[in-house]
Structures are given as structure tokens and as C-alpha cells.
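Novice: Spelled out from the first residue to the last, the chains are:
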Amino acid sequence: MSKFKKKKSGDLPAISTASLPDIVFMLLFFFMVATVMRQNTLMVQNKLPFADQVEKLDKKDLIMYIYAGKPSQRYQAKYGTEARIQLNDKFASVEEVQQFIYAERESKREELIPYLTTALKVDEETNMGLVSDIKQELRKAEALKINYTTVVGDAMQNVN
Amino acid sequence: MAKRSAPEVNAGSMADIAFLLLIFFLVTTTIETDSGISRKLPQWQPEDVEPPIIKQRNIFTVEVNSNNQLLVEEEEMELSELQEAAVEFLDNGAGTGDEACSFCQGAKDPSSSVNPQKAIISLMNNRGTEYGTYIAVQNELVAAYNQLRDREAQRMYGMTFTQMEKNYNDPSYNGDKEALKEKIDVIQDMIPQKLSEAEPRS
Numbered sequence: 001m002s003k004f005k006k007k008k009s010g011d012l013p014a015i016s017t018a019s020l021p022d023i024v025f026m027l028l029f030f031f032m033v034a035t036v037m038r039q040n041t042l043m044v045q046n047k048l049p050f051a052d053q054v055e056k057l058d059k060k061d062l063i064m065y066i067y068a069g070k071p072s073q074r075y076q077a078k079y080g081t082e083a084r085i086q087l088n089d090k091f092a093s094v095e096e097v098q099q100f101i102y103a104e105r106e107s108k109r110e111e112l113i114p115y116l117t118t119a120l121k122v123d124e125e126t127n128m129g130l131v132s133d134i135k136q137e138l139r140k141a142e143a144l145k146i147n148y149t150t151v152v153g154d155a156m157q158n159v160n
Numbered sequence: 001m002a003k004r005s006a007p008e009v010n011a012g013s014m015a016d017i018a019f020l021l022l023i024f025f026l027v028t029t030t031i032e033t034d035s036g037i038s039r040k041l042p043q044w045q046p047e048d049v050e051p052p053i054i055k056q057r058n059i060f061t062v063e064v065n066s067n068n069q070l071l072v073e074e075e076e077m078e079l080s081e082l083q084e085a086a087v088e089f090l091d092n093g094a095g096t097g098d099e100a101c102s103f104c105q106g107a108k109d110p111s112s113s114v115n116p117q118k119a120i121i122s123l124m125n126n127r128g129t130e131y132g133t134y135i136a137v138q139n140e141l142v143a144a145y146n147q148l149r150d151r152e153a154q155r156m157y158g159m160t161f162t163q164m165e166k167n168y169n170d171p172s173y174n175g176d177k178e179a180l181k182e183k184i185d186v187i188q189d190m191i192p193q194k195l196s197e198a199e200p201r202s
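Residue numbers (our numbering), protein chains in the order written: chain A, 1 to 160; chain B, 1 to 202.
Mixed in with the good hints, there may be bad ones.
With a Cα cut of at most 30 angstroms, we get these calculated DSS-like pairs of lysine-lysine [as the list claims (entries may be wrong)]: (1) A/Lys70 / A/Lys140; (2) B/Lys177 / A/Lys145; (3) A/Lys60 / B/Lys40; (4) A/Lys145 / B/Lys183; (5) B/Lys118 / A/Lys140; (6) B/Lys194 / A/Lys47; (7) A/Lys59 / B/Lys166; (8) A/Lys47 / B/Lys166; (9) B/Lys40 / A/Lys145; (10) B/Lys40 / B/Lys181; (11) B/Lys40 / A/Lys56; (12) B/Lys40 / A/Lys140; (13) B/Lys166 / A/Lys145; (14) B/Lys181 / A/Lys59; (15) A/Lys60 / B/Lys166.
Since the hints were made in silico from the structure, they are not lab data.
Whenever a hint applies, use it, and build me the whole structure from the sequences.
Specialist: Take a look at the structure:
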């Protein structure tokens with residue numbers, strides 16, 4: 001009786017695949033964490049300007065987003081390079097802003113309506129003409145609380 | 001020599017490692033929040049309303065043209081000098097009697113503002129101005145207000161205004177929020193942000 005029994009076969013044992021699900025899960029988690037959720041698909045260029053005197057915008061459900069800027073590369077053939085407004089997932093004209101605000105208000109609970117803020121995500125190359133047209137429309141719709149969304153940084157970088 | 005086969009690696013703890021990683025990422029991730037300059041638009045008004053009469057000395061005009069150049073009080077200016085000029089204007093405090101400013105440290109120039117409550121900054125753009133420049137100007141003007149507010153808050157309460165606001169908005173701050181709010185209101189009354197925006201010229 002020997003203590004060191006010699007195994008019969010010289011073949012390597014099959015590699016255990018029990019850990020494969022774990023690897024897959026790990027990858028899944030990584031991508032879940034690294035993904036930034038976006039509510040809207042951007043159809044305009046959106047390089048936000050810099051500013052350092054900023055306030056944070058908490059309470060995501062109380063914010064209405066208005067995007068503006070030049071149409072992105074793949075829409076330029078169809079819509080040209082003139083700066084445009086994007087509401088939800090489509091391009092809109094200035095007149096549609098009011099309608100958009102009313103529709104957004106409709107979808108919120110009544111007691112939250114006074115706290116609604118409009119976030120203007122405007123590309124830094126846009127002309128002020130378009131922005132002030134939007135602001136006029138917001139005033140007409142009585143959506144007076146606005147926020148110019150910016151990237152935190154030195155404002156002097158905007159000028160150059 | 002006996003040829004040994006490789007022993008099977010115990011994979012039972014793999015799940016634990018995966019969970020550990022998951023929990024680490026869950027804890028360290030912050031969901032990004034947007035930030036920006038908050039403004040309140042004025043009420044929509046019918047065209048025929050007469051604007052109130054304001055003395056010229058209490059208005060600080062900032063104009064931006066379509067080439068993104070600044071004209072401040074009829075003089076050309078670089079953006080980097082704007083904050084200082086605005087602070088000088090707001091802090092001038094040339095008022096006497098009822099309009100006297102008790103805390104101003106400015107030059108008391110008789111052709112400039114009487115006190116920060118009366119002082120209005122008027123911003124006018126051209127339709128061709130770039131949005132980036134507009135934000136930069138806004139940022140500098142807000143910075144001017146914040147600089148003054150910080151100074152006064154530091155003098156009166158030993159804490160800067162920005163710090164006070166930060167504490168007030170911080171849910172985990174365990175000081176007296178009511179008292180803090182009162183202090184913030186006092187400072188805001190002393191130095192109100194009066195920033196008027198005219199409709200852009202084309």
C-alpha cells in the first residue's frame with residue numbers, strides 16, 4: 001500500500017468554468033457604473049461654456065432641459081449649420097418652446113410646478129440672438145427660473 | 001519521477017471578489033449633477049409700461065458687441081478687468097443721509113453709485129455675441145457680487161458668504177440652519193444682486 005498513488009492518465013483536467021459567470025457579472029457591473037445615463041439623444045453640438053460662480057442643480061426631476069447649438073455632424077446635411085433648438089428628441093422652432101414648457105408642466109405633480117427650473121444647455125458658439133429668443137419665450141410661458149448650465153472652470157477660457 | 005496533474009483551483013470565492021468590486025464601485029460612484037449660473041427672468045410685461053426712472057450714476061452699463069468686445073461705462077475694457085470695475089462701482093457708496101452706505105469701502109466718487117442697494121448693473125448684448133462670452137461676463141459680474149458679499153459676511157459673521165451658502169445647502173451640515181438662513185438674508189439685503197438685462201440689439 002503506497003501513500004503516493006500514481007494517477008492513471010496523463011491528461012490535464014478540464015479547466016473549471018464555474019467562475020465564468022462571475023467574470024461576466026464583473027464586466028456587466030463595470031459598464032453599469034461607467035455609463036452616464038442621458039435622457040435625450042443630443043442632436044446638436046453641445047460644448048458648454050466655463051464658469052466658476054456656479055450653483056449645483058439637484059433634484060433632476062424638477063428640471064426641464066432645453067438644448068441649443070449647431071446641429072451635429074450627421075444632421076448637418078439635412079438641417080444646415082445654423083444653430084437650432086432641441087426639445088426632447090427633436091429640433092424645434094422658437095415658437096415651440098412655450099408649448100414644450102406647458103407640456104412639461106402638465107407631466108409634473110401640481111405642487112412641484114413652482115419649483116421647476118429650466119436648464120439651458122447651450123453651445124458656447126451660439127449667438128445670443130437665439131438665446132434671448134428662448135428667454136423671451138420662457139418669460140411668456142412664465143418659466144422664470146433658469147439655469148445656464150456650464151462646466152466648472154475658469155471663465156476666461158470662453159473668450160479665447 | 002511521478003507526473004502530477006495540476007490541482008483544481010477553488011473558484012468558490014470568485015463570487016465574493018466580484019461582489020467586493022461591485023460594492024466598491026457602488027460606493028465610490030457619484031452620479032454627476034449639472035451645475036451652472038442660476039438666474040431669474042423678469043415677468044413678461046406689456047410693451048407700454050413706463051420703466052422706472054433711475055439716476056444715471058446708479059447704473060453700470062456693460063455692453064458686448066458682436067465681436068465679443070466689452071464696452072463698460074462707455075469705455076473699452078478687457079474681460080479680466082470687469083470684476084474689479086464692478087466691485088468698485090458697487091462698493092463706491094457716495095450716498096449721504098438716507099442713502100449713506102455704512103459698510104462701503106469705495107472711493108466715494110460723486111459720479112458713481114450711492115450704495116449697493118441702489119446700484120444696478122445693466123447688461124446689453126448684441127444678437128451676434130457668442131454665448132460663451134455672455135456667460136463669461138455673467139460669471140464676472142456674479143463674482144463681483146460674491147466678492148463683496150464674502151467681504152461683508154467675513155466682517156460681520158467671520159465666515160464667507162459662499163461658505164455660508166454651501167453649508168446651508170449641505171444636508172449633512174449640523175449647525176443651526178435657521179440662524180444661517182437669517183444671516184444669508186441679511187447679507188443678500190445689504191448687497192442685492194441687481195442685474196438687469198436689456199433686449200439685445202441686432
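Novice: Give a verdict on every hint.
Specialist: So, going through the hints one by one against the coordinates:
The hinted pair formed by A/Lys70 and A/Lys140 meets the criterion: a straight-line CA distance of about 25 angstroms does not exceed 30 angstroms. For the hint pairing B/Lys177 with A/Lys145, the CA-to-CA distance comes to about 24 angstroms; that is within 30 angstroms, so the pair holds. A hinted pair counts as satisfied when its Cα atoms are at most 30 angstroms apart, and A/Lys60 with B/Lys40 qualifies at roughly 19 angstroms. With a CA separation close to 24 angstroms, the supplied pair A/Lys145 and B/Lys183 stays within the 30 angstroms bound.
A hinted pair counts as satisfied when its Cα atoms are at most 30 angstroms apart, and B/Lys118 with A/Lys140 qualifies at roughly 28 angstroms. This hinted pair checks out: B/Lys194 and A/Lys47 have alpha carbons roughly 29 angstroms apart, not beyond 30 angstroms. Taking the CA atoms of A/Lys59 and B/Lys166, the gap is about 17 angstroms. The hint holds against a cut of 30 angstroms. Between A/Lys47 and B/Lys166 the CA atoms are separated by roughly 27 angstroms; this keeps the pair inside 30 angstroms, and the hint holds.
As the CA atoms of B/Lys40 and A/Lys145 are separated by approximately 5 angstroms, the hinted pair is consistent with the 30 angstroms bound. Between B/Lys40 and B/Lys181, the direct Cα distance comes to roughly 20 angstroms. Compliance with the 30 angstroms bound is thereby established for this hinted pair. Distance check on the hinted pair: B/Lys40 and A/Lys56 sit about 15 angstroms apart at the alpha-carbon level, within 30 angstroms; holds. Distance check on the hinted pair: B/Lys40 and A/Lys140 sit about 13 angstroms apart at the alpha-carbon level, within 30 angstroms; holds.
As the CA atoms of B/Lys166 and A/Lys145 are separated by approximately 20 angstroms, the hinted pair is consistent with the 30 angstroms bound. Restraint check: the Cα-Cα separation between B/Lys181 and A/Lys59 comes to about 21 angstroms, which is no more than 30 angstroms; the hinted pair holds. A threshold of 30 angstroms between alpha carbons decides the hint, and for A/Lys60 with B/Lys166 the separation of about 19 angstroms falls inside it, so the pair holds.
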